[in-house]
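A.B. asks: Listed in order, the protein sequences are those of chains V and P. The letter at position 136 of the first sequence is residue 846 when you use the working numbering, and the numbering goes up by one with no holes. The letter at position 154 of the second sequence is residue 864 when you use the working numbering, and the numbering goes up by one with no holes.
To be clear, the hints were calculated from the coordinates, so they are not data collected in a lab. You may find that some hints are simply not true.
No distinction is drawn between identical chains; accordingly, a pair holds when it is met within one copy or between any pair of copies.
[To be verified] DSBU-like cross-link-like pairs, simulated, lysine-lysine; straight-line CA separation at most 35 angstroms:
| id | residue 1 | residue 2 |
| --- | --- | --- |
| 1 | Lys990 | Lys849 |
| 2 | Lys849 | Lys784 |
| 3 | Lys1173 | Lys1011 |
| 4 | Lys849 | Lys1011 |
| 5 | Lys784 | Lys725 |
| 6 | Lys1173 | Lys784 |
| 7 | Lys725 | Lys990 |
| 8 | Lys1011 | Lys725 |
| 9 | Lys990 | Lys1011 |
| 10 | Lys990 | Lys1173 |
| 11 | Lys784 | Lys990 |
| 12 | Lys1011 | Lys784 |
| 13 | Lys990 | Lys842 |
Chain by chain, the residues:
There are 2 protein chains.
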Amino acid sequence: MNAPTAAAHLLPDIKLRDVPQALIDALQARFGVQCSLAQAVREQHGRDEGSLQAPPPSAVVFAQSTQDVADAVKLASQYDVPVIPYGAGSSLEGHLLAVQGGISIDVSRMNQVLSVNAEDLTVTVQPGITRKQLNDAIKDTGLFFPIDPGADASIGGMSATRASGTNAVRYGTMRENVLALQVVTASGEVIHTGTRAKKSSAGYDLTRLLVGSEGTLGIMTEITVRLYPLPEAVSAAICSFPSIEAAVHTVIQTIQLGVPIARVELIDHHTVRMVNAHSKLTLREEPMLLMEFHGSPAGVKEQAETVQDIATEFGGQAFEWASTPEERTRLWTARHNAYFAAVQSRPGCRAISTDTCVPISRLADCLLESVDEVEASGIPYFLVGHVGDGNFHFGYLIDPNDADERNRAEQLNHQLVARALSMGGTCTGEHGVGIHKMGFLLDETGAGAVDMMRAIKRALDPKNILNPGKIFVV
Amino acid sequence: MNAPTAAAHLLPDIKLRDVPQALIDALQARFGVQCSLAQAVREQHGRDEGSLQAPPPSAVVFAQSTQDVADAVKLASQYDVPVIPYGAGSSLEGHLLAVQGGISIDVSRMNQVLSVNAEDLTVTVQPGITRKQLNDAIKDTGLFFPIDPGADASIGGMSATRASGTNAVRYGTMRENVLALQVVTASGEVIHTGTRAKKSSAGYDLTRLLVGSEGTLGIMTEITVRLYPLPEAVSAAICSFPSIEAAVHTVIQTIQLGVPIARVELIDHHTVRMVNAHSKLTLREEPMLLMEFHGSPAGVKEQAETVQDIATEFGGQAFEWASTPEERTRLWTARHNAYFAAVQSRPGCRAISTDTCVPISRLADCLLESVDEVEASGIPYFLVGHVGDGNFHFGYLIDPNDADERNRAEQLNHQLVARALSMGGTCTGEHGVGIHKMGFLLDETGAGAVDMMRAIKRALDPKNILNPGKIFVV
């Protein structure tokens, strides 16, 4: 997912905190031209790719070093003013909105690779580097960073939201792939968590606590992530199915057999039609799996044969191979453009995206019941999913000027989340909670766990200045 | 590692907190025969497999349900009395010692499998079940739980120390394999963290915060872990090398090539000699790698051929295969008994064990410099390691009555930890911090991160009753 999802609408009950002129003066004195008060810059930093809107931050600091971040936080702390870290701006759940006012700390200029340890399969980067920049920078090492959320997000943002995407079924998510952090705390202190060792039992797992904390516990200034050897062989295939059910059962059986498939994406027949129109393709307009296999030549062949056998059993047809990098790129570009294709299919529409993830055994039930519901609603939609992980996204294509349609789409989302939770799943597989899913988080984990999160937040950020108003209200 | 490591010696500056008779009376009223005051029972619960000693807890509650745990914690909280969770008693770093007094909560009777979700490759268990009990209980599902720290530890204890062991190179550690928890908090409340979904971005990762928290943030009462399909083919092999360096370089290259080896253990020539004597084997008394490959028949063959080629390049000889389960069991039993074999090699000795873990590229340097050091010291030792992860254990075989020898062994450990940290490694790969490694933790992560841990502890356990005096002093 990598584009605006719904018509922006102003949040209710915004309570802006005071940003004293003395702080602005101090920031300008410290940062000079690195501190912008320009309306356009502030507005750009006060929104993300989601559907919510709030007044922009009062200033934007373009940090160029850890010291810059620490100094900005220290100044903000002195005046009890919120700070909101900003990377590529591609988050979806209102993470970047200054819902309590404050200043934005833009780390996009902190985009250097600090050290590549190819022998250890690790790299340490600054938070503003994007995943594509990172892969470009290391392309001569024979290694790659696999996490691919679609958008060319920053590694800092991906860490902060515990992102994943198409390759997670094989390579895991940011949870598994961040090894160590340098972090600026709420008081502006610089701390380190984790090491480059592959495993450790040394005290609380602060790294994993910070990954997915959405900027509310600290601002990441250095990130060490795992890399992987570029697979010797890569092969991609598409396969069409008579029904979503047949496609999903193929996936379930593939996962249950332990086939180390690298990517397996579901695209429903509506979405294939939209993709064909948008990307000038002639894919069969039936539910489709888009798969990729990584490994040795023999391993890839064996995996592909196993999956082909399973698919055939469920009525899969037209197993088509894409072995050249160009063909693969064409297919994955079509997949990544599914969102745009969908939005173009209904002129003037906006999409409200869902992000549930369920245990694989419940994937068919959860998907099919939800498809019935959206079909009955009459709202046009698209459906894509990282189904190997049990994670999928509906996009309800609504008329932004039709409040009733928006409400019905939100109602569909609520029903979908309730269904996923009742099946042992989660309200968000990869986008995060932000502002939009606070209620869902409470439903999912219960008041006790959210109170524990709140206690940690209060302990580590007593002035509530680190991206306040996200995940839960303190 | 699964046995006593060094001569027990009383901890200095023990500060016991008051355990009022009123609490004992209340526990006896609530728990009846489930609450024991017997000296032998208390003493058994006041020690672990490590070398430190403290006065026993004042009482032991044998919990049989989450409600039992919650009620015991609530009563203890009422009187500000420490509680120490107890599983199989196999931890190594003083985790179970009542260093501030208090009561032990034994969860070993909470050893049921609560639900197997074979299709999702997950199982939910009570914390007292041991890894062998778990694998016995699920043996008809075609699945297994791979984490194997040597000792038949409880899943609760393994979660609390973020344990790993021989299979971690392929299957990860408890960090990667615990999906969800039910936990009793410091106030006796029952909360839930995580879901059975494979991934989630729903708020702070409390599951990962609690895993490895050594009982200081909550007591786990239900644990959901990942399972794996039993591999279609398994093959084990041993290979001898002219030097530790040659063996280690074989491992480094194997990992760097991305070979998905399931186990790769180093045993040095001293230890092979000890193992031969103890287990009546005739292994070549040279540095040895003990390896296991899991996968499809073709995949296993391919992996094994790749590793054999690498080993040959480094002078590896006598690649011997063990393909039957009986042969494999014989080899792995010998490996797991290495500790006992070593201790028997010097009558009356005790072993002080180390647990450093370094990035794989530094493994040879770290190991070889440390071997030189211990050789120069004249102290007999053994050396084994989960070298695929960069984790290894020296055991210094000391005369427990020789204070000078103990001090020199502790000094060797200090030098080893300093070396590992300077190489980007950790003081503990899998045993945890407990009492013994508090200083090392500070060296490793710095005062800032330890202060963050302390702030979390204070927020979640304001009376400091959950296993106090472990990891850091509040």
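A.B. asks: Does each hint hold? Answer for all of them.
C.D. replies: Checked hints:
For a Cα distance limit of 35 angstroms, the shortest separation of Lys990 from Lys849 inside one copy, 30 angstroms, qualifies, whereas the shortest one across copies, 51 angstroms, does not. When the C-alpha separation of Lys849 and Lys784 is checked against a cutoff of 35 angstroms, the pair qualifies neither within a copy, at 38 angstroms, nor between copies, at 56 angstroms. Within a single copy, Lys1173 and Lys1011 get their C-alpha atoms no closer than 57 angstroms, and across copies no closer than 59 angstroms, so neither meets the 35 angstroms cut-off. In this assembly of identical chains, the alpha carbons of Lys849 and Lys1011 lie at most 35 angstroms apart whether taken from the same copy (25 angstroms) or from different copies (30 angstroms).
In this assembly of identical chains, the alpha carbons of Lys784 and Lys725 lie at most 35 angstroms apart only when taken from the same copy (23 angstroms versus 38 angstroms across copies). Taking the shortest Cα distances, Lys1173 and Lys784 sit within 35 angstroms of each other both inside one copy (12 angstroms) and across copies (31 angstroms). Proximity of Lys725 to Lys990 under the C-alpha cut-off of 35 angstroms is found in neither arrangement, the shortest distances being 47 angstroms within a copy and 75 angstroms between copies. For a Cα distance limit of 35 angstroms, the shortest separation of Lys1011 from Lys725 qualifies neither inside one copy, at 58 angstroms, nor across copies, at 64 angstroms.
In this homomeric assembly, Lys990 and Lys1011 come within 35 angstroms of each other (Cα to Cα) only inside a single copy, at 30 angstroms, whereas the closest approach across copies is 44 angstroms. Taking the closest pair of Cα atoms, Lys990 and Lys1173 never come within 35 angstroms of each other, the shortest separation being 53 angstroms inside a single copy and 65 angstroms across copies. Taking the shortest Cα distances, Lys784 and Lys990 never come within 35 angstroms of each other, neither inside one copy (52 angstroms) nor across copies (65 angstroms). Taking the shortest alpha-carbon separations for Lys1011 and Lys784, neither the intra-copy value of 56 angstroms nor the inter-copy value of 58 angstroms comes in at or below 35 angstroms.
Taking the closest pair of Cα atoms, Lys990 and Lys842 come within 35 angstroms of each other only inside a single copy of the chain (25 angstroms); across copies the shortest separation is 56 angstroms, beyond that limit.
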